[in-house]
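Trainee: Chains as they are written, first to last, in the working numbering: chain A, 1 to 279; chain B, 1 to 387.
Hints in this document: simulated from the structure, not taken from any laboratory.
In this text, all values refer to a predicted model and were calculated from it rather than measured experimentally.
Virtual Cβ for every residue (Gly too), placed ideally from N, Cα, C.
One or more hints might be untrue.
[Unchecked claim] Examples of chain A residues lying across from chain B (beta carbon under 10 Å, computed):
hint: 1; residue: F98
hint: 2; residue: S100
hint: 3; residue: E102
hint: 4; residue: N200
hint: 5; residue: I211
hint: 6; residue: G247
hint: 7; residue: S249
hint: 8; residue: R253
hint: 9; residue: R263
hint: 10; residue: S266
hint: 11; residue: W277
[What the hints assert, rightly or not] Covered stretches of chain B (in silico footprint by chain A; criterion: 3 or more residues with CB under 8 Å from a CB of chain A, positions within the stretch not fixed):
hint: 12; segment: 25–38
hint: 13; segment: 67–78
hint: 14; segment: 106–113
hint: 15; segment: 136–145
[Stated by the list, open to error] Simulated pairs of lysine to any residue, SDA-like, Cα-Cα distance not exceeding 25 Å:
hint: 16; chain 1: B; residue 1: K38; chain 2: B; residue 2: P144
hint: 17; chain 1: B; residue 1: K165; chain 2: A; residue 2: Q262
hint: 18; chain 1: B; residue 1: K230; chain 2: B; residue 2: D125
hint: 19; chain 1: B; residue 1: K38; chain 2: A; residue 2: R261
hint: 20; chain 1: B; residue 1: K89; chain 2: A; residue 2: N243
hint: 21; chain 1: A; residue 1: K94; chain 2: B; residue 2: Y212
hint: 22; chain 1: B; residue 1: K293; chain 2: B; residue 2: G256
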Amino acid sequence: MKTLALSLLVSSLALAAPRPARDTAAVGQQGQGSVGVFNPLRIAIVDGVELEANPLVFFVAPNVNSRFRLFDGPLQLTAEAGLSLPTFGMRLMKGFFFPSWETSSNDIGWMLIPRVGVVLSGKVFEHDVWTAKVDAAFRLPLGPNSATPLGSFVIPLDLLLAAPLTGVCTRVGGAYDHAFGERLRLRGEVNLFVTGGQGNLVVSGQSVGPIAPLSNVVVTAHLGLDIAVFQQSRITVGVLWANADQGASQVVRLADGFSERQRVRSNNFLPTLDYLWAW
Amino acid sequence: MRTPRLWSCLGALVLASCEWVADPMNFTREEIPRFKAKVEHPAPAANPTALKVMAWNVKYGACRVDFWFDFWGDRVQLSSTEVNDCLSKIALLIKEYDPDILLTSEIEAGSKRSAYVDMIQYLLDNTNLRYAAYASTWDARYVPSEGLGRINLGNAIHSRYPIVKAERIRQVDRTDQDPVTATFYIKRAIARAEVDLGNRTVAVYAVHTEAYDQDGTKQKQIAQIHELAKAETLPFLLGGDFNELPPVCDEKAAAGTAESCDGKLRLAGFLDERASAKGTAFEQPPYTPSVMKRFYDDFNPWIPLARYGVGDEAQRRYFTHTVLGPDSNNDEGVPGFWNRTLDYLFVRPTDGWRDTDVIQGPGRLGVTQDAIRLSDHAPVAGTWELR
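Looking at chain A on its own, in the form it has when it is part of the complex (with noise of 0.2 Å):
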């Protein structure tokens, strides 16, 4: 306990200015990166390119982002576009999150996820910033494919997946990074994300009609403290809040005595936690 109270004092000590702001536009010198157990690692190859990854889940759904700096100064723009390939990593969810299809050829189909996006940062006062972000993944088949949107109790989860199960996931999103003193930092973002359809039920290669509709409207908005460790490291804990279409009703007791269903939006509360170490 002793080590660590005097290792904390010593990275405060060395602390000299605030920790940077995460997730904004600005992309780093070469060799510079960062990585945390659930954020993605990020290297600058060179000056003004980064590649990024999720180790977590790489070998079960290759992924990789890049991110080229367009322009630099009081303002930050940069373009992002990334792959991946998460067919494998979707397999491996039969039986819990897709069916297993055990006596059908029916399966989940090997499709590619292109991801294109833009990210515009601004700073305010000496150490704020402000970011805006459009993005937009897609679906490129590979072969046929009788997976279904989840419909899952986890929006972000029905998020992550939405490109591959939908067809599309655009979104356009905007957060503010606030620097109190040089341990701590709060963040909040609003994202909107639109997804495509849920498309039509496909059982042995052949439509058998429309999957029931859902709003294709998903909001998440992500309040988050960041509190610097070492020199390089950071804790952050946030709340995540989603709202989306799952399908859920509620029953409404009228005037009459009689009640009616009625379709309601379901919302998300989760916790964030991540340690993030950048060099």
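Once you've looked at the hints, dock chain B against the given chain A.
Mentor: Positioned in the frame of chain A, the structure of chain B alone reads:
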């Protein structure tokens, strides 16, 4: 049963939201919502002395689509088109028979697998039935098995006469499942409604007992239903899918004795049982028809045992269930057909029956719809004479 509750609480708190991951159904007896048709239907006869009644397990509007637990297919979801097509035919059959009271089981309201359709309201708006009560018995935000997803299934009571009170009565749960499975599994309950006929009030019970337990849960649930009906003070109708064979014999009786089932009632080896189901969670447990005897002793069944007969040949016209549809063959190449009786109607012993039957297909009780293509259960129906 504290562990499943704990799991549900943890699930609800950790994973998210303002909604149960799976409703633990912590009630003994509670009021349930009543619904009414949103379109005008003709008023029924005032002060009736007889009521046309029907009980039907409608298989969540899937008609003959085989789901994974049927072992003849592996579907987990239906398209909107499939559900609407199926429900329109189910509503047509109901409208053809035109019951005053309809008891349904495996009816859903907002399940992913049945395209989130509110089937209770659908039947109100597409038959002559004007009022309904719905007792949810399975309400989960996400059932992980095969990605089944959101589910809300239960028993419903539809009526042409006003439902003045409606409640659900909890049945015992299985004890042979692990806590996680039990959390997300169906919680059986009995729907009870009081229907105002003008000249009297009657009680109506819709039931659906356990199908796959290996621990005697179904037998306990059947005994509970009997106790409830026995204690009922109003004239009553009791019906639904009991998942049990008629008490033509005693399954415990030794071969060669008068009570033995040999040659009287098939207890196993039904043509729709698939070998691959053996050893799974959906294996058919042994039937125990003797548990139904108390209903035949104490109440008035719509088909008396004397009429039901002895042996497959005589009983065939009253069979109400087949997992395998008529357009599919079993592993021996035999097409599916009704092969056992699991569904019943009972009234109090002082009341009577007329024009009773199992609507197995076109021509039965004046119906032209082909019931075997609309569900894995046939509707059981008749006219309840109130005395």
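Trainee: Next, verify each hint and record whether it holds.
Mentor: Hint by hint, here is what the structure shows:
1. F98: holds (5 Å)
2. S100: holds (6 Å)
3. E102: holds (6 Å)
4. N200: holds (7 Å)
5. I211: At about 6 Å, which falls below the 10 Å cut-off, the nearest Cβ of chain B leaves the hint on I211/A intact, so it holds.
6. G247: holds (5 Å)
7. S249: Cβ of S249/A sits 4 Å from chain B, so the hint holds.
8. R253: holds (7 Å)
9. R263: Status holds, d = 8 Å.
10. S266: Given a least distance of 6 Å, the restraint on S266/A holds.
11. W277: Hint on W277/A: violated, closest Cβ of chain B at ~26 Å, above 10 Å.
12. 25–38: holds (count 4)
13. 67–78: holds (count 9)
14. 106–113: holds (count 3)
15. 136–145: Per the Cβ count (4), the hint holds.
16. K38/B x P144/B: violated (35 Å)
17. K165/B x Q262/A: Given pair K165/B, Q262/A holds - Cα atoms ~22 Å apart, limit 25 Å.
18. K230/B x D125/B: violated (34 Å)
19. K38/B x R261/A: Answer holds: K38/B to R261/A is near 12 Å, not above 25 Å.
20. K89/B x N243/A: Distance of about 36 Å is beyond 25 Å: violated.
21. K94/A x Y212/B: holds (23 Å)
22. K293/B x G256/B: Cα-Cα ~20 Å, so holds.
Checked against the numbered hints above, the structure breaks hints 11, 16, 18 and 20 and satisfies the rest.
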